[in-house]
Structure formats: structure tokens, C-alpha cells
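2 protein chains.
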Amino acid sequence: MRKIAIGQAGGPTAVINASLVGFLDKISDKAQVYGIMNGYNGLVENDIKLLEGSLLEWVKKNKNVPGACLGSGRYRFTKNKIAKAVQNLKKQDIHSLVFIGGNGTMAALQQVGLEAKSIGYDLQVIGIPKTVDNDLGGTDHAPGFASAARYVALTTRDISKDLEAMRNFEQVRIIETMGRNAGWLAAASGALKNSEQDGPHLIYLPEVPFEIEQFLTDVKETVDKFGMATIVVSEGVSPVGASQVEKTNVIGRAVLGGISNKLEHLVQTELGLTARAEILGMTQRSSSLSISVQDREEAYAVGQKAGECVLEDKSGIMVSIKLIDETKYLYNVGTCSLDRVVKSGERLFPSKFIDNRQLYYNWLNPLIGTDIDPYPQGLKLTEKEITG
Amino acid sequence: MRKIAIGQAGGPTAVINASLVGFLDKISDKAQVYGIMNGYNGLVENDIKLLEGSLLEWVKKNKNVPGACLGSGRYRFTKNKIAKAVQNLKKQDIHSLVFIGGNGTMAALQQVGLEAKSIGYDLQVIGIPKTVDNDLGGTDHAPGFASAARYVALTTRDISKDLEAMRNFEQVRIIETMGRNAGWLAAASGALKNSEQDGPHLIYLPEVPFEIEQFLTDVKETVDKFGMATIVVSEGVSPVGASQVEKTNVIGRAVLGGISNKLEHLVQTELGLTARAEILGMTQRSSSLSISVQDREEAYAVGQKAGECVLEDKSGIMVSIKLIDETKYLYNVGTCSLDRVVKSGERLFPSKFIDNRQLYYNWLNPLIGTDIDPYPQGLKLTEKEITG
Chain F
1367 MRKIAIGQAG
1377 GPTAVINASL
1387 VGFLDKISDK
1397 AQVYGIMNGY
1407 NGLVENDIKL
1417 LEGSLLEWVK
1427 KNKNVPGACL
1437 GSGRYRFTKN
1447 KIAKAVQNLK
1457 KQDIHSLVFI
1467 GGNGTMAALQ
1477 QVGLEAKSIG
1487 YDLQVIGIPK
1497 TVDNDLGGTD
1507 HAPGFASAAR
1517 YVALTTRDIS
1527 KDLEAMRNFE
1537 QVRIIETMGR
1547 NAGWLAAASG
1557 ALKNSEQDGP
1567 HLIYLPEVPF
1577 EIEQFLTDVK
1587 ETVDKFGMAT
1597 IVVSEGVSPV
1607 GASQVEKTNV
1617 IGRAVLGGIS
1627 NKLEHLVQTE
1637 LGLTARAEIL
1647 GMTQRSSSLS
1657 ISVQDREEAY
1667 AVGQKAGECV
1677 LEDKSGIMVS
1687 IKLIDETKYL
1697 YNVGTCSLDR
1707 VVKSGERLFP
1717 SKFIDNRQLY
1727 YNWLNPLIGT
1737 DIDPYPQGLK
1747 LTEKEITG
Chain D
1367 MRKIAIGQAG
1377 GPTAVINASL
1387 VGFLDKISDK
1397 AQVYGIMNGY
1407 NGLVENDIKL
1417 LEGSLLEWVK
1427 KNKNVPGACL
1437 GSGRYRFTKN
1447 KIAKAVQNLK
1457 KQDIHSLVFI
1467 GGNGTMAALQ
1477 QVGLEAKSIG
1487 YDLQVIGIPK
1497 TVDNDLGGTD
1507 HAPGFASAAR
1517 YVALTTRDIS
1527 KDLEAMRNFE
1537 QVRIIETMGR
1547 NAGWLAAASG
1557 ALKNSEQDGP
1567 HLIYLPEVPF
1577 EIEQFLTDVK
1587 ETVDKFGMAT
1597 IVVSEGVSPV
1607 GASQVEKTNV
1617 IGRAVLGGIS
1627 NKLEHLVQTE
1637 LGLTARAEIL
1647 GMTQRSSSLS
1657 ISVQDREEAY
1667 AVGQKAGECV
1677 LEDKSGIMVS
1687 IKLIDETKYL
1697 YNVGTCSLDR
1707 VVKSGERLFP
1717 SKFIDNRQLY
1727 YNWLNPLIGT
1737 DIDPYPQGLK
1747 LTEKEITG
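For the record, the sequence lines run as chains F and D.
Just so you know, the working numbering puts 1472 at position 106 of the first sequence, and the rest follows in order with no gaps.
Just so you know, the working numbering puts 1591 at position 225 of the second sequence, and the rest follows in order with no gaps.
Watch out, some of these pointers could steer you wrong.
No copy labels: a pair is met if it fits in one copy or bridges any two.
Straight-line alpha carbon distances no greater than 30 Å define the calculated DSBU-like cross-link-like pairs of lysine-lysine that follow [stated by the list, open to error]:
1) Lys1457 to Lys1628
2) Lys1456 to Lys1628
3) Lys1369 to Lys1456
4) Lys1369 to Lys1457
5) Lys1613 to Lys1591
6) Lys1628 to Lys1613
7) Lys1591 to Lys1415
8) Lys1591 to Lys1688
9) Lys1718 to Lys1483
10) Lys1688 to Lys1456
11) Lys1457 to Lys1586
12) Lys1591 to Lys1392
13) Lys1718 to Lys1586
14) Lys1694 to Lys1369
15) Lys1396 to Lys1456
16) Lys1591 to Lys1427
Hints in this document: simulated from the structure, not taken from any laboratory.
Treat the numbers as computed from the prediction; the structure is a model and nothing was measured.
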């Protein structure tokens, strides 16, 4: 019976376990599937477990649970560790390796495939896309993103309604989203905006140069006009000439985060307005409340497709989602080469969407779900408030 | 026709508009109801609007929208301003004043009532309870709290699952909740915990002395045991001998917040573990995703009851929720005197719940909703992880 190892890597999402379960549902009765614990760390340390019996049942029960039920994590691969990973697979006669992850995961998977080839070990490598940042190439979008985008859009709308009620006490909220160097998530914050006076009023993306003077002018104008400003800033934004804001952990690895605190300080000291930074944090990638049904279905479907690809002896590929109709949301699940994914690097928020935000929302709305109640439009009340 | 003014004050909630609409549904065809804009600020500035026609329709459409559709805010009442508020009501021949709010709102309402009495102006004053902190006396609990508690419980569960997957990268998350000086919300974070190894592992409440040495020992022991620690801390917690962590806004008013950042720093420097502060922020009080159906129904019911009280010429009271059966959740809506509410001050998290957390969750669960899917219990996978 064919032996396959599958792992989850990088930051978890609200639907990554659906991909794992999709894979298992397709293949667990046709092969021996081993779960790799804690991402590439488990592959190198040979911490893998046969998924059968009560363990398999338990994993399947995790389909709708956020996080990554095999354990994920971030891991620094080295040449030696890659060699060790391949040796571990060889010792156990495992000839298929599947990883669910983003850019780093796909690059690592490609390296493992090349190492196996270089020692003449027959190893099938298949990637399953996953990232809330949506910065992965070779696919129209990656599972995990839509649920995070849904959270960002709904939360921005709610926080803005809260601020609207509190204008005599505070005027500015600066909501910080994930996204690394790509603005997909931050831009999603405006998906439910109905009118000019609704938040978010200002959105700042890493792809667009950020000038502090212009920012302060924008904020002042917005507060003059609406009595408030709901601002969204991507964690990857850096003022022109400055570096991105990040924090280094105890083992010396840096993570992005904190630009909203800097801007809060600027708004308070330069404009004399009360501002509050709101870092959406880990909830945006893990909220079980905000899961998009479409996202979960697609996460499951890419997992199933990876199972098919294993059985069809494909290798050096990543499963990919292709939109086949832009007017009415239809997609199919295909594949693209790992080479292409790795070569394309970080997929930034495209200029066509920067130039035409509505075009972006037309594309995004079917992904985040059309079951979201519209807020009522502001009537006389808000108009009076604005002029008052 | 009777003329009534109603306002919303203090921090908004996800269900405060349901109370307003409950009130209007009961009374808007029997009286002229004026909406006071932006809380007590609007009462003093005489910014009030007759709620009729399209404006009334618009307000009613806001029933399920977070924030406070009349505008709320924090406001410093003075003797002069109270006198001005009463004069404004007198000029317009409004003899009924209703406010939806928490402790500060009820104290202000009582003051307005006393001022009217002192000048011989007949003024009916009625309070409708609202606070996510649940620190309001005279009622079993206040609308707004249950939805916030639901958000805190679900989000802590999700963030903890995310951390569980990331243990090779970071070990400690410190989730900071609202609550002011009361631990109701922070304690709610454990409502969905299934087993010892699930988060939250440690919860710190303002009512219990907080010793830094003990905290560090607790964190170290938890990480040794589970490879991670999900910690919840109320914004009102202060280390023994130190003051609460707060931030002063540009007009000199302080708000609590930031203890999680201090603890993050401590854990990193003293224990050498990677820690991340997660401030739940404004989302916990405004999330439309986490609204508890029970909470919204009760918010609507207390609004309706206030309408009845107006028609019955009651005054000097606050609507109040009383549990009438502890074994199966049944409540009725009555009233209590404003005097009693004001005298009882901040209602802290009681020692019976500190001593017996399960007792608290038995009380809380019907409020936050029993429609929450249980996460699967950890099986072999997690056991191995713990010992590994």
C-alpha cells in the first residue's frame, strides 16, 4: 500500500484543517497516510504518526476547527536539515510528500524534491495552497484568505459604527491588518462600505508609497468632514525612507506588526486628536465566527484534488484555484508547477485593483460570502451630524 | 401627547440599539419620542430630534447594528450642565427622560432627576441597563455583556488553537479583555474550555491580588506542562503595589488598557519565552458576528419594559433583569430604584464565582448561547505532544 506523509506549515488559518480532511477523505482508504507533526520541524525530527483508527477520526473531527491540528509552526530549513528530511522519508519507504502552506512552504517543498532527486530517491511532492495574506502565486487565491478577509471587512464595519457613536470622546481609530508585504487583507476592509461617510475612510497598502505628511493631511480632512476617521493600515506599510515596523522574538526572528501604534502616536501629537490603535491580531486568521462557507468548501476541494494528484502520480506541482467565469462566481481546481509558484514570489495586490477598488470588491464578495446583512444607510441623522 | 426624550450613553455595545428599538416599538405610537444625540452632550447642547417618519424608520432598521445609532460618548457632567439639561427639557415641555447606559449614566440620570425636583419641574426619569463590563448593580446582568462574553469565550478558544499549532515558534499569548475593575468578561474566556490542556490556561481578574513572581511561576509551569500558555488578563488588573495601566487621551481623560503589553515584556525578559499581547479592543463590544440571541432578546425586552414604565408613570427607577429559575434559564424583567443602583456602585465579580468557576459558567452559558459547536477533545495526538 502506498505510503504518504502530509504536513501543515506556516501560520494557521480558520480552514487549513478542512484541506487536511479533504485530502484524507479522498485517500485514507487507498493509502497509508502519515501526519507530520509541527510542520517541517516534525519532518526533520521524524515526528510522524500513522493516521488511523481513533487518531484519524479525531483529525476528521477537526475539519471546522481553526489552527492546524497536526501542529504547524515556522521553521528554518538548512541544507543539512533538508537532507535529513529526505533520509527520514527514505527510511520509512514514504514516496509521497504533501504540504499545506504558503510561499515558504512551497519553496521548502521544492528543495526537498530536488534533494531527493539528487540522491536518486523517488519522491512525489505536492503542495496545497494556504495563506491568509493571499500572496501566493500560481493560484487565483489561496484558501484561508477569504475567511480572514471576511473577518477584516465585518470587524472594520463594526469598529467604525462604534467609533461613530463615540466621536465626542475619540475621533480616530487605526486598524492594523495582517498581509505581510501585500495589501489584499487591508483592502478587504472596505468591502462592506455603503457610502462615503461609512468607514473605512482611509486604507493604506504596502504597495503604495506612504508619506507621513500626506497621511496627516488625509486624517485631518476626514475628521473635518465626518467628525471621525476609521483608518486601516496593513502591517507591511512603512513610511517612505523608513523600514517596516517589526518585533523580534526571543530566538531572534522578526515578525511584522506595530505600525498602527506609531500612527496613533503621530495623530495624537501632530493633530491633537484622540486616536486608538486596533491590532486585529491572531483572531483575523483563526476566527471560527467569521469562516466563509465558500472558503471552507474550496479548502476542502484543494485537499481532495491533492489526493487525486497523488493517485495520478503527479509531482512537482501545487494545487491551484482558477476562476472560470468572472460574471458569476465559478471556479475549478487544477494544478500548476511548484517551479512557477516559487519563481513568481510574493504576489502583491495588483495595480488594477489599486486603481479600481470596486473591481476588487466585485471579485472578493463571492469569496467572503453574500450572506452578510447590509447595514442601513445613514439618513437625516447622519447628515445633520456631519454638518453639525 | 406625552413628550419623551431618550438617549444612549457610555461605551456602545452590539445590542444597545435593540433596547432603543424595543422602547420605540412599545411607545412610539403613544407619545412623541425625541432622540438625544451623543448622550448627555446632546441633552446639554439641546441637540435632540423628534423620531418620526423616515428618521424613526431608520432608527428601527438599526436594531441589529452595533454602536449606538443616536450617538453616545463619554461626557463630564457638572452642576451647571445638569441645570442646563433640565432647562432644555423644560423649554420643550418634555417630562420624561430615559437613558440607556451603565453606572455613570445612571448616576447622571439620578442627578438630573434631583435637579428637576429642586426647581419643582415634574420629570420622570427611567434607566435602561447596558454595559459589556457587567458591573452594574440592581440587575442580575446587563444587556451587552453576554454578546461581549460570547466574543471573548470564542476568540480565546480560537486564539488558543492557533497558538497550539505554533508552539515551535511562540509559546505564550496574553489576551487582554475589557471589564474595568470587574472580572466578568475576563472570566468568561474559560466558558468553552473542555479539558486542562485547552486554553485559557491562566486567567487573571482585578478582584484577585496579582503578584508578578507568582505570575511568572504560573506561566513557566504551564509552558513546561503543555508547551504553551494561553493567558487572559482583565484590563483592570494591576500588580500588587502598582497602579492600573492606562492611557490618557488628548483631552486628559484616561482609559484602562495595556497590561498585556507589560506582561508580554516580562515573560520575554524574565522567562526567555516568546510572548504576544493580544488586546481584544473595540471588537469585543461591537462584533456583529458574536451577538448572543439571548442577549439581543433581553436588550429588546428591557427597552420595551422602559416603555411600559413610562406609560405607568413610574420614575426614579432602572429596568432590571431577574433570574427566576437557576436550574433552567428563565428571567423576568422588573425594576429597581435608581438610588439602589447608584448606591451599590461597581458590582465586582463575586467571590462565589471566583471560588467556583464552574458555578459561574453554569450561570453564563445560557446567556452566551448554547448553539456553539464543541471543539473535539484532544486525543493521542495532543497527549504525545505534551510529553514530547
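Evaluated hints:
When the C-alpha separation of Lys1457 and Lys1628 is checked against a cutoff of 30 Å, the pair qualifies neither within a copy, at 52 Å, nor between copies, at 48 Å. Taking the closest pair of Cα atoms, Lys1456 and Lys1628 never come within 30 Å of each other, the shortest separation being 50 Å inside a single copy and 48 Å across copies. Within a single copy, Lys1369 and Lys1456 get their C-alpha atoms as close as 11 Å, which meets the 30 Å cut-off; across copies the closest is 84 Å, which misses it. Taking CA atoms no more than 30 Å apart as the test, Lys1369 paired with Lys1457 passes inside one copy only; the shortest distance there is 12 Å, against 84 Å between copies.
Only between protomers do Lys1613 and Lys1591 lie at most 30 Å apart by alpha-carbon distance; the minimum there is 27 Å, versus 35 Å within a single protomer. Taking the closest pair of Cα atoms, Lys1628 and Lys1613 come within 30 Å of each other both inside a single copy (13 Å) and across two copies (15 Å). In this assembly of identical chains, the alpha carbons of Lys1591 and Lys1415 lie at most 30 Å apart only when taken from different copies (22 Å versus 60 Å within one copy). Proximity of Lys1591 to Lys1688 under the C-alpha cut-off of 30 Å is found in neither arrangement, the shortest distances being 42 Å within a copy and 45 Å between copies.
In this homomeric assembly, Lys1718 and Lys1483 never come within 30 Å of each other (Cα to Cα): the closest approach is 40 Å inside a single copy and 65 Å across copies. Within a single copy, Lys1688 and Lys1456 get their C-alpha atoms no closer than 34 Å, and across copies no closer than 67 Å, so neither meets the 30 Å cut-off. With identical chains, the CA atoms of Lys1457 and Lys1586 are never at most 30 Å apart, being 65 Å at best within one copy and 37 Å at best between copies. Proximity of Lys1591 to Lys1392 under the C-alpha cut-off of 30 Å is found in neither arrangement, the shortest distances being 56 Å within a copy and 36 Å between copies.
When the C-alpha separation of Lys1718 and Lys1586 is checked against a cutoff of 30 Å, the pair qualifies only within one copy, where the shortest distance is 28 Å, while the shortest distance between copies is 50 Å. Taking the shortest alpha-carbon separations for Lys1694 and Lys1369, neither the intra-copy value of 40 Å nor the inter-copy value of 52 Å comes in at or below 30 Å. Taking the closest pair of Cα atoms, Lys1396 and Lys1456 come within 30 Å of each other only inside a single copy of the chain (20 Å); across copies the shortest separation is 82 Å, beyond that limit. When the C-alpha separation of Lys1591 and Lys1427 is checked against a cutoff of 30 Å, the pair qualifies only between copies, where the shortest distance is 25 Å, while the shortest distance within a copy is 51 Å.
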